[in-house]
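Taken in order, these protein sequences are the chains called A and B. Residue numbers for the first sequence follow UniProt numbering, so the first one is 1 and each next one is one higher. Residue numbers for the second sequence follow UniProt numbering, so the first one is 1 and each next one is one higher.
No wet-lab data here; the hints were simulated from the structure. Wrong hints could be hidden among the right ones.
The list cannot tell twin chains apart, which means a pair is met if one copy fits it or any two copies do.
As the list claims (entries may be wrong) - Under the rule of at most 27 Å between Cα atoms (straight-line distance), these lysine-lysine pairs were calculated in the BS3-like manner:
1) Lys-64 with Lys-44
2) Lys-135 with Lys-64
3) Lys-95 with Lys-135
4) Lys-2 with Lys-44
5) Lys-12 with Lys-135
6) Lys-135 with Lys-44
7) Lys-95 with Lys-44
8) Lys-2 with Lys-128
9) Lys-2 with Lys-135
10) Lys-12 with Lys-2
11) Lys-128 with Lys-64
Number of protein chains: 2
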Amino acid sequence: MKHEELVKRCVKLAERNVRDGQAPFAAIVTRGGEVVSEAVNDGKATFDPTAHGEIRAIQMAGTKLETTDLSDCELYTNCEPCPMCLAAIHWSGIKQVYYGLSIGQQAEFDEMPQELYEAFRTGEHSVKLHDYSGKVDGAAPFRLEERE
Amino acid sequence: MKHEELVKRCVKLAERNVRDGQAPFAAIVTRGGEVVSEAVNDGKATFDPTAHGEIRAIQMAGTKLETTDLSDCELYTNCEPCPMCLAAIHWSGIKQVYYGLSIGQQAEFDEMPQELYEAFRTGEHSVKLHDYSGKVDGAAPFRLEERE
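In isolation and in its complexed conformation, chain A is listed as follows (with noise of 0.2 Å):
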């Protein structure tokens, strides 16, 4: 399928699971021209904040092709993904996304994506950091995975 195609089957996933009373929001992964996982936002079914399709749709894929290393692969989502879904992207390798609408466009029905990546541009975010590395030992199981 070309690019376009997959990114317009992405928007009708959106719309179908808008009917199914979830959220606006698909996406598709795909390896060597043929679809490995499609998955839908299901987080007010499921409870999860961190339900995106692109978090999904790469969850599946891995969980398909037995690999975390999804290099190989493209995304397709009917948006631009948001910070969460853009670094999930960057962790599994994949390398190509394709999207349907962008971040600014999407910030007249949602604002929290721009707002989002505003706050990594500077630095300044509304979650509180707390450093306690001060006070515990922090890289203990990074020096014990060396070790075993």
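Position chain B against the provided structure of chain A, taking the given hints into account.
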């Protein structure tokens, strides 16, 4: 339990995870001083590239509390969260995070989280994003959601 004890518990869980053949990461979600969920990175076992300790702890907390809104919870982790996990924390609503090893300190063992933060700061990602918004109606699922 005090913050420091909970970070230390994450370090212990991460060490146990290494001895179990997994990656050196663990996280805990609490609410009102009580532990809601404890989780480890189980990516090697599940072939899931997104299986970081924080992601797993948030997923488990959402399922247990039957809500995606964890804004009254706190998160503890042996390592400062990577961008995927920090964005997941944003989506969960968690506002307080306590960690035992900074991203800079972790770079001695794994440079990827630091490199990812730098990519988000500059906007220069190794992932190639292809914008098909001029060719597909990517906003259709959002308009449908507004009508439903």
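Original post:
Okay, which hints does this one fail, numbers in order?
Top reply: Going through the list in order, the structure violates hints 2, 4 and 6 and respects the others.
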